[in-house]
Every structure is written in C-alpha cells, then in structure tokens.
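Using the sequences plus the hints, can you model the full thing?
Just add 1 to the spot in the sequence shown (first one is 1) and you have this note's numbering.
Read the hints as simulated data drawn from the structure, not as lab findings.
Predicted model, so just to flag it, every value in this text is computed and none were measured.
The reader is advised that the hints may include incorrect statements.
Just the calculated beta-carbon pair ranges, DEER-fashion [said to hold, decoys possible]:
{"no.": "1", "residue 1": "Phe-122", "residue 2": "Arg-61", "range": "31 to 37 Å"}
{"no.": "2", "residue 1": "Arg-140", "residue 2": "His-118", "range": "21 to 27 Å"}
{"no.": "3", "residue 1": "Gly-182", "residue 2": "Ala-90", "range": "23 to 29 Å"}
{"no.": "4", "residue 1": "Asp-42", "residue 2": "Ile-127", "range": "34 to 40 Å"}
Glycine residues also receive a C-beta, built at the ideal position from the N, C-alpha and C atoms.
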Amino acid sequence: MTAAAPLPVQDAATSPGAAASGAFRSNGWAALRRHPAGRADLLRWGATPALVARHARWGRPVYLASPYTLRAVGPDGRWSRDQSEAAMADAAREVARLLEVGVTAISPVVLSAATLHATMFPRLRIDPFNPVLWEDWRRPLLTVCTAVVVPEIRGWAQSTGIRHEVASALAAQVPVFIYGGLP
2 MTAAAPLPVQ DAATSPGAAA SGAFRSNGWA ALRRHPAGRA DLLRWGATPA LVARHARWGR
62 PVYLASPYTL RAVGPDGRWS RDQSEAAMAD AAREVARLLE VGVTAISPVV LSAATLHATM
122 FPRLRIDPFN PVLWEDWRRP LLTVCTAVVV PEIRGWAQST GIRHEVASAL AAQVPVFIYG
182 GLP
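Below, the structure is given as structure tokens:
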C-alpha cells in the first residue's frame, strides 16, 4: 500500500468505549472536569512524571498517550516519515522522563512508528492512518497498563486518539495523568 491522503480518524464521541465514559462530545476536554472520574480521583490534571511515579502500581507499566496522526502528516497531506520520526522522538523523550523516575512506559507511538519505518521499503505496507487497525493493535497495550499518561506534547489537546484512550481508561476505572491543563 502506498502512502495515501490521511484517512478520517474515528471521532472519540462515536468510538467504542466512549459512550460508557460519557466524557466526550465534540472536543470534549471540558466535560472531563465534570466527569465522575475526576471526583473519584482517577483523573489528574497538571501531573508530572514524579506524580505518576508515586501512583504507579505494582511495577506495572503505564500507557503513554501521545499525538501521532495529526503530527505525521507532511505539507502535501500525506504520511511523512520525517514528521513521523519527530512524533516518535517526542514520545520517546517522554518515555525516558518516566524511566528516570522509575516508571516503565509503553508508547504505542514509538512502537507503531518504528514498525511503519521498518516496513516502508520498497513501499509503505501498513496504512499509518487506518483507525480500525491501530485501535485493535493498541487495545491490548492499554489493557495491561496501570495508568494512562498524557504528556504535554504539541498536538495532544487536538488528538482524537488521545481523547479516545482517555475515555477508554476512565470507563475501565484506570487512572489518567494529564501533564497539561484543561485545553
């Protein structure tokens, strides 16, 4: 499969699991302030790697939710290896910040981007913008993690993927740590 124009990403409001959380409509971040998870101490705004380290349970990994789809598009509207590498590097730096405080982080962006880069010659064989493929692929990763961490990486607040991951975590009563403030 050759790199094509980006496919539409399924909106978090209509994605599986989002309805259970009741958190998202349109952009939806503001609704999180009123979400029951916020009152149940499952949702923490303005978090830091140190805060995540104090709450990581049993040495299990945390899930690093970072932006990819909007960041991996070049000026021509197609997937860009350079943009993909930049998004992957930003996520990898956040994995390193968590490692420095003793937290094991799983980054779907680092793993998926590395996979895409390894399989792109002679042509890109995996669609980088297939929302069903990546949803199915990342679900087991999210399931094994003790928390979701959303670092303040450019594009995090606009990411429907991150909003969906947060909604899935809250629906499963998994703590969410968001480094930034309410967008």
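Consistency of the hints with the structure:
1. Phe-122 - Arg-61: 31 to 37 Å: Since the Cβ atoms of Phe-122 and Arg-61 sit about 36 Å apart, the hinted range of 31 to 37 Å holds.
2. Arg-140 - His-118: 21 to 27 Å: 22 Å, holds
3. Gly-182 - Ala-90: 23 to 29 Å: 24 Å, holds
4. Asp-42 - Ile-127: 34 to 40 Å: At roughly 38 Å between Cβ atoms, Ile-127 and Asp-42 fall inside 34 to 40 Å, so the hint holds.
Consistency with the previously given hints is maintained throughout, with no hint failing.
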